[in-house]
Amino acid sequence: MARKLLLENINVPGIKSFNVYRANGGYRSVEKALKTMSPDDVMEEVKKSGLRGRGGAGFPTGMKWSFLDRKSDKPRYLVCNADESEPGTFKDRFLMEYIPHLLIEGLIVSSYSLGSNTTYIYIRGEYRWIVDILENAIAEAKHNGFLGKNILGSGYDLEIYVQPGGGAYICGEETALIESLEGKRGNPRMKPPFPAISGLYNCPTVVNNVETLATVVPIINMGGDEYAKIGVGRSTGTKLISACGHMNKPGVYEIELGLPVDEFLNSDEYCGGIRAGHTLKAVVPGGSSVPILPAELFYKTKEGVARLMSYESLSEGGFASGSMLGSGGFIAMDETTCIVRNLWNFTRFYHHESCGQCSPCREGTGWMEKVLHRLEHGHGSMSDIDLLVDIAKKIEGNTICPLGDAAAWPVASHIRHFREEFEYHVKFPEKVAHSPFAHSVDYKRELNTVLQ
Amino acid sequence: MIKVTIDGVETEVEPGTTILNAARQIGGDLVPPAMCYYSKLKGSGGKCRTCLVKVSAGSAKDPRPMPKLVASCSTPVQDGMVVQNITSPEVLEARKGVVEFLLINHPLDCPICDQAGECHLQDLAFEHGSAKTRYEEERRSFDKIDIGSKIQLHMTRCILCYRCVFTANQITNERVHGVLNRGDAAEIGTYIENVIENDFSGNVIDVCPVGALTDKTFRFKSRVWFVKPMYAHRNCDKCCGKTTVWMKGDEVFRVTARKDQYGEVEDFICNDCRFDKKLASDWTVEGPAPIQRNSVQAQNKYLQGIKVDAPKNIGYGNISDR
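Top to bottom, those sequences are chains Z and G.
Just so we're aligned, residue 1 is where the first sequence starts under our numbering, counting upward by one.
Just so we're aligned, residue 1001 is where the second sequence starts under our numbering, counting upward by one.
It is worth saying that the hints were derived from the structure and are not from the lab.
Since the model is a prediction, treat every value here as computed from it, not as a measurement.
Treat the hints with caution; some may be incorrect.
Claimed, not checked - Here are the simulated BS3-like cross-link-like pairs (lysine-lysine), alpha carbons at most 25 angstroms apart as the crow flies:
id : chain 1 : residue 1 : chain 2 : residue 2
1  : G       : Lys1096   : G       : Lys1150
2  : G       : Lys1096   : Z       : Lys393
3  : G       : Lys1132   : Z       : Lys370
4  : Z       : Lys370    : Z       : Lys302
5  : Z       : Lys191    : G       : Lys1096
6  : G       : Lys1248   : G       : Lys1040
7  : Z       : Lys370    : G       : Lys1242
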């Protein structure tokens, strides 16, 4: 069995309640940090651990914390980003739903390190029932003296508030999240200034993902150096992966970074392999916005090196033949999946979720969605395929926030790796037009017969 | 003062100046176009992405180039920064893309649009766009609505620059309109069909870069190039009273604020001056207004410095080769 840090006690009955959580070693890190460590010590431990943001970008958390403007006399805020809306990603939901005190504990330690006396959990509106779970956990922690005034006699005060959002994907972008938290329309802000200088209510702010903040707990418990020993290279520690798709055992798994992808997908301990009688066609390894990988490039990089579940290994080869670990939304597809339909579905999502602030994303996502709709329903032409690549290229990098990139990357990569499938849709419109779901055909063979 | 080089031209500007304003201080062709940035409105800019430029050296201290193209209207210059605008093919390509994006949902009804002839989008499309469209799908459309007795909102033409929202926020007493919905369904709206009635509300017409907000007292009265802009003034207790009146003979067709060479209002004017003073006797005419950049008034100068590649690209309605 691999080492579990976050989900160590997940199978203990009643772990949701404070007493059971405490009896299983919960809130040790709060005692350790508040009684024996200074805020800077906590930050040093996080820096030493090499923890990287678990929300998708993989930015080193310790470095992010060190950018926080500690000199200004304004209050400082920590905001927990629980607006988990990426298609394919559901790890934070699991964490908050089944072991909410882990997040609260991580928030207390992190807030102490950052000097935040008011910390917010911004949670997506669709997680309505989790709001109650978290508020219940906060009330329990407060009742037992881990929140409120003068925590454990250390003189440190902290209040945590849960704020549900309206259910927009864009509010997971940190500056849009801050706008939304302030009660405004959730439009991303122009950067600079970065939130570390001027964020929530123009005060220095750190926004971190749920899993990132929860991971602070084992880091403080075991020490940053010890934590850094887990994993491979610059990808340290463990990561929650939410696996879904055509596999035998979809679910949330905690893995040590550096686990071979083959083992993750095919061993019985994790996903349990692709469903019987089918073969793997493609994998989206980190949530819908990262580039897709065909099976052969998923198991091995272009150079023939076996891939590992780590930030570096999955991005080996750049966007031409690699992908990203992203937020850990692992989607596996077998050969019955229609790639065009899958891309249309992704693009429809980004079209729906674009905030409409800057023009390339507002107009481009809708355009791509319409062209893909046409292709999928058998009304496309060959030039549409190149058109899609060109639109994606013109959106990428030209928008205010990363949503434009997130919409463009799947389009570019789906066409790069599965162009023949798009051509099949153009050549055989009658075959794709009436099929509501996947088209289980060997695209290469069918096309070759026509071309000969 | 800090040094910045734009397209090989070196200049010195105050710290905190944006790249766009530094370029405007130099002037000429290297000024990036701006559809949403408005120097008089705080917080505007960054949205339309037409002013994207390439920063090939971040500063003297850290001469690494910036990884992405940046919006010049909201990026402050650093000492020793080197910026490429029209000398970078990458920038021109991106700008062409942005123009295409702005136009796909624009109705292109210039022949019946009151803004035609002084429309920023027309100029932008003329300078940076392509004469052909690759967009075959249905365009987004909205019903026209009256917001107040003097202003009409034709949302179909809007490019969502947010200028009118900033204007209402910063110039008028209260803002009753804003952006509703999101993505390409986003629209400027007064929730619900509210009326914009306050002394300076008419300025939203002047700041609108396209024909989305038009003056109902002028709608369909005349094309802008048939009326002559004259500087005029009157004693007004609400505003500065300095305006441009658009006249044909002795008849005043419309009144607007005076605009500078970038099409930006010099002084905001009140609704009395704009909508109600339509007699020549109301005004003291100073003389002809200087010809503005965004006006077909500049007829003969219109082609200067612009490379036209339109004729060879025009599709003549041949749909098959789109």
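Quick rundown of the hints versus the structure:
In summary, the hint linking Lys1096 (chain G) to Lys1150 (chain G) is not supported, as the alpha carbons are separated by about 35 angstroms, beyond the 25 angstroms threshold. For a cut-off of 25 angstroms, the pair hint linking Lys1096 (chain G) to Lys393 (chain Z) stands: about 12 angstroms separates their Cα positions. A hinted pair counts as satisfied when its Cα atoms are at most 25 angstroms apart, and Lys1132 (chain G) with Lys370 (chain Z) qualifies at roughly 19 angstroms. Taken as a hint, the Lys370 (chain Z) and Lys302 (chain Z) pair is broken in the structure, with Cα atoms around 33 angstroms apart against an allowance of 25 angstroms.
Restraint check: the Cα-Cα separation between Lys191 (chain Z) and Lys1096 (chain G) comes to about 24 angstroms, which is no more than 25 angstroms; the hinted pair holds. At most 25 angstroms may separate the alpha-carbon atoms for a hinted pair to count; Lys1248 (chain G) and Lys1040 (chain G) exceed this at roughly 30 angstroms. The suggested pairing of Lys370 (chain Z) with Lys1242 (chain G) is violated, with an alpha-carbon distance near 48 angstroms, which exceeds 25 angstroms.
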